[in-house]
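Peer 1: If you want the building blocks of each chain, they are given just below.
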Amino acid sequence: MILKNKKMAKKTSTWILDGNHAAAQGVKLSRVQVVAAYPITPQSPVTETLSEFVERGELDAEYIAVESEHSALAVCTSASIVGARTFTATSAHGLAYMHEMLHWAAGARLPVVLACVNRAMGAPWNVLNDQQDSISQRDTGWIQIYARNNQEIIDSIIQAYKIAESVYVPVMVCYDGYVLSHTEMPVDVPAQKDVARFLPPYKPHTILDPANPKNYNLVTLANPRVNAEGVLCHGYMELRYLLQEALQNSRETIIRVGREFGELFGRSYANMFWENRLNDADVVIVAMGSLALEAIVAADMLREAGHKVGVLGLRVFRPFPKVDVIKALEKSRLVVVFDKNISYGLEGATCSEIKSALYGSSVRAVIRNFIVGLGGRDVKARELVDAVNSSLLSMKEGDLSKEYPEWICDI
Amino acid sequence: MGTRDCQHISSESSPAIGEAGTTGEWRDSFPVIDPEKCLPVRQKKPSCFLCWLYCPEAVISRTIPIQINMEYCKGCGICTQVCPAHAITMVLEEEFYPNETD
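As you go down the protein sequences, you meet chains E and U in turn. Each residue of the first sequence is one higher than the one before, counting from 1 in our numbering. Each residue of the second sequence is one higher than the one before, counting from 1 in our numbering.
Calculated directly from the structure, the hints in this document are not laboratory data. Careful, some of the hints might be misleading.
Claimed, not checked - Label-pair restraints from in silico Cβ distances:
no., chain 1, residue 1, chain 2, residue 2, range
1, U, Pro-56, E, Glu-229, 23 to 33 angstroms
2, U, Ser-47, E, Leu-218, 31 to 41 angstroms
3, E, Gly-230, U, Ser-61, 25 to 35 angstroms
4, U, Asp-28, E, Met-237, 21 to 31 angstroms
5, E, Glu-245, U, Glu-71, 28 to 38 angstroms
6, U, Arg-62, E, Met-237, 34 to 44 angstroms
Heads up, the beta-carbon is just placed ideally off N, CA and C, and yes, glycines get one too.
Given only the sequences and the hints, what does the whole structure look like? Please build it.
Peer 2: Below is the structure:
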């Protein structure tokens with residue numbers, strides 16, 4: 001690769017990796033100390049690869065075999081609280097099974113990093129891709145980052161540790177099952193010593209020391225209380241406020257870490273979302289994960305037909321980049337949001353968030369929502385183009401607001 | 001005054017007397033000892049102390065006469081049941097302090 005400045009890493013090598021192996025390489029380079037995971041399709045190769053790294057002595061970590069995903073995250077939270085850098089990975093039902101511990105990791109402010117290989121939820125059984133699993137865990141207090149390709153998976157995992165350990169909030173790195181997890185593509189793998197420069201050792205805010213015994217995450221009542229040393233300690237609600245405050249403030253850290261990563265490795269992530277030709281766009285496609293790249297193909301096709309179309313690819317879903325979204329959509333008259341998830345009875349989660357962000361702003365765009373790609377249904381660029389065209393047409397006919405989302409399926 | 005001075009970002013405490021508040025506030029009745037009946041008092045030597053042994057809150061002293069820390073006694077009444085001399089009886093707080101309201 002071309003060196004742009006002196007600070008940049010000198011050695012990188014390009015490997016052909018699928019998303020799961022890219023994730024495992026990111027974990028290895030981050031010098032994770034405790035790995036606990038339970039295999040589930042399509043995440044299994046992540047855990048298999050990590051167990052091989054540990055077995056061969058390439059990764060100096062404890063690999064703890066557990067009997068469930070709930071236990072996997074329980075191990076990670078426990079190890080994190082005593083000062084270990086921890087990792088787990090899962091998909092769909094495994095993530096749902098972790099639900100309780102997701103709250104626990106965030107509430108205890110532990111910088112656990114989790115790779116969620118996005119997969120559809122049953123019933124009925126389906127092992128293929130959509131984003132219903134991680135979207136369903138939106139309110140657990142985790143930072144959520146979505147990768148568009150395998151390069152972003154490895155890069156996001158390395159950055160996730162730096163973000164999590166700076167703001168003491170766990171980070172979920174999400175990537176589409178099969179579309180990315182089992183698809184090989186060229187990935188630039190950074191050198192270990194450069195990652196070590198980028199990522200300092202983990203400094204826990206909880207120290208377990210027999211000489212100074214502590215009780216962590218004890219029963220905490222509603223109101224603040226004065227402890228034995230005379231300090232007024234947070235009640236339950238103050239601790240919840242601090243978690244919200246940490247997520248609100250984490251935007252700055254996410255951007256700073258992304259910029260530092262770019263300075264060292266030449267790939268900047270100093271953004272909350274990826275944008276493609278937004279400058280002059282009056283029609284904006286919004287998508288998240290690998291779909292955000294497919295959307296660029298669709299936008300190019302629409303440009304050829306004379307429309308000024310841009311793409312906003314959400315990278316960080318929590319904290320939701322409200323201010324950035326308003327700014328990016330300032331010039332738009334139509335926003336078409338594609339969701340690989342559905343909040344039953346309302347609409348796609350991303351669409352709700354976009355609408356919520358725009359409330360009270362000067363943006364007066366018409367917003368359309370399409371539910372696509374559930375349970376691995378292929379999403380073709382041509383379908384995105386058709387959705388944008390039909391939205392433009394109905395808008396022209398005066399249909400400014402639809403009560404419910406439209407679905408791209410054969411019903 | 002808010003809790004900003006507290007530097008914790010998750011809930012934590014150190015083991016210390018009074019860390020969880022004074023459990024004596026939970027009590028609805030309290031033990032009263034009749035020293036005339038208490039065996040160590042009568043025998044004038046350390047003996048019996050079953051109340052000290054069985055008290056789940058460890059608030060009874062192994063002294064003559066025995067003393068009960070009423071800041072932490074929850075009023076469970078186990079001492080009255082284990083005393084072989086029936087020297088301890090439970091008295092309802094509201095009977096003892098009839099004019100106090102919660």
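Peer 1: Please go over all the hints and tell whether each is borne out by the structure.
Peer 2: Here is what the structure says about each hint:
| no. | hint | in the structure |
| --- | --- | --- |
| 1 | U:Pro-56 - E:Glu-229: 23 to 33 angstroms | holds, 27 angstroms |
| 2 | U:Ser-47 - E:Leu-218: 31 to 41 angstroms | holds, 39 angstroms |
| 3 | E:Gly-230 - U:Ser-61: 25 to 35 angstroms | holds, 27 angstroms |
| 4 | U:Asp-28 - E:Met-237: 21 to 31 angstroms | holds, 29 angstroms |
| 5 | E:Glu-245 - U:Glu-71: 28 to 38 angstroms | holds, 37 angstroms |
| 6 | U:Arg-62 - E:Met-237: 34 to 44 angstroms | holds, 43 angstroms |
Violated hints: none; the structure is consistent with every hint.
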